[in-house]
Every structure is written in structure tokens, then in C-alpha cells.
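Model the full structure from these sequences, guided by the hints.
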Amino acid sequence: AQSVTQLDSHVSVSEGTPVLLRCNYSSSYSPSLFWYVQHPNKGLQLLLKYTSAATLVKGINGFEAEFKKSETSFHLTKPSAHMSDAAEYFCVVSERGYSTLTFGKGTMLLVSP
Amino acid sequence: GAVVSQHPSRVICKSGTSVKIECRSLDFQATTMFWYRQFPKQSLMLMATSNEGSKATYEQGVEKDKFLINHASLTLSTLTVTSAHPEDSSFYICSARDLKAVSSYEQYFGPGTRLTVT
Chain A
1 AQSVTQLDSH VSVSEGTPVL LRCNYSSSYS PSLFWYVQHP NKGLQLLLKY TSAATLVKGI
61 NGFEAEFKKS ETSFHLTKPS AHMSDAAEYF CVVSERGYST LTFGKGTMLL VSP
Chain S
1 GAVVSQHPSR VICKSGTSVK IECRSLDFQA TTMFWYRQFP KQSLMLMATS NEGSKATYEQ
61 GVEKDKFLIN HASLTLSTLT VTSAHPEDSS FYICSARDLK AVSSYEQYFG PGTRLTVT
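As they're listed, the protein sequences go chains A and S.
Using my numbering, you'd call the opening residue of the first sequence number 1 and step up by one each time.
Using my numbering, you'd call the opening residue of the second sequence number 1 and step up by one each time.
Calculated from the structure, these hints are not laboratory results.
Zero decoy hints are in this set.
Using 20 Å as the maximum straight-line C-alpha spacing, the simulated SDA-like pairs for lysine to any residue come out as follows:
| no. | chain 1 | residue 1 | chain 2 | residue 2 |
| --- | --- | --- | --- | --- |
| 1 | A | Lys105 | S | Phe91 |
| 2 | A | Lys49 | S | Ala101 |
| 3 | S | Lys100 | S | Leu76 |
| 4 | A | Lys105 | S | Pro40 |
| 5 | A | Lys49 | S | Ala2 |
| 6 | S | Lys41 | A | Asp85 |
| 7 | A | Lys58 | A | Leu48 |
As the structure is a computational prediction, the values presented were derived from the model and not from experiment.
Structure representation (C-alpha cells):
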């Protein structure tokens, strides 16, 4: 069975400071992992994905994530936050052989000037 | 590429009426489409998986007679909320998997439909 735990429901940062959104997963087999962002009343936009290639994955808008199998983690980072990064972020897992996605509960990123 | 549209983006209907929401893959073919429901400040909950030309598979607890799903072509799936009630008010999001990229398990999401039942 697959599951995802996003460790923080809210993260607050100042503009220009680093962002860290934490995600741990559980999967019986080799997982595919994704980070999606959702702005208010909008659909989901894919930030990046891990599908068993390089463990350090670079995404859009300066975000990146590192797959750490030993820690079952897939944390999302960005060196310098922008005001436009304020949104809800979802960590998502899909297990090989399963067509469905399992979503974390989401982390709201708040960026202050 | 990989664009999914939904129509309408917002709909308000009266209690007891039915509402149809369309989900289209605009530049790819999708044998599988998914319907999600999202309550305010919560995560997405998978309602059902629809495969082109066959009956949808509903998640536990989702009423198949209330949420009718039709996937008649490789680019269109519809969700009909029948006899809508205020508790059906929610944000409905569809997604689709590219027929040519099924091994990646990636889903492309539509912009969502805000349903309000009065």
C-alpha cells in the first residue's frame, strides 16, 4: 500500500529565504513521486517528478527535490522564496502497478515581505 | 502540451437538479481519466477512475448512482451530479493520463469546477 505524509500543514517564510517542505512516503515497490502546487481556486500544476532516474530532481520555478530511499523522503526545496510561491503544495506518490495517485494532506506555504 | 480543460469553471444550481461537468484532454489521448473532489482547505479525494469505453470504477463510499461518469471517447469524460444537494457543493477536479506515457503514472490536471448547490 502507498501513503504520503506531509509533515507540516503550514510553513511560513520571508521573501528571499530558503523554502523546505517535507514529505515522507510509504510504498511497497519502487514509487513515482510528484510535487504539485495549487493556487487558490485553481487546478494543480506539476512542479517536478521522480520516476527512478536521478535522485535529485529539478523542477519549474527554481524548485527541486531529492529522493532519499533510506529515509523514505522526498522533500521540496527552493533557495529563495518569492511572493508568488505562496500556495498549497501537495506531495503525491504512485506505486508501480497502480494507476492511482495518493495525495498528501498538503502544506500551505506563506511568504511574507 | 498535455492540457486538460474543464467546463464549466463555476456552476450554481438549485437543490434537486442535475449538473454535468466536462473534462477534455486537448492535445493528447487519454484512455484513463480520474475525478477528484476537494473540500475547502483539504486534499484531493479520488472519486472514480474512468476508462474509455467501459464502466467507471468508484472509490469506496462514492455513490455511483449519484455521480454518473461517462468516458465515451479518448478525449472526453463527463461527471454528472444527479439530484444535487447542498452537501455536494465542492471543487471537482479531473485528470487524465496520456495514452502514450502510461508508464510514467503522471496525471495531467484540469483547472477544476466549483459547484455550488443552493
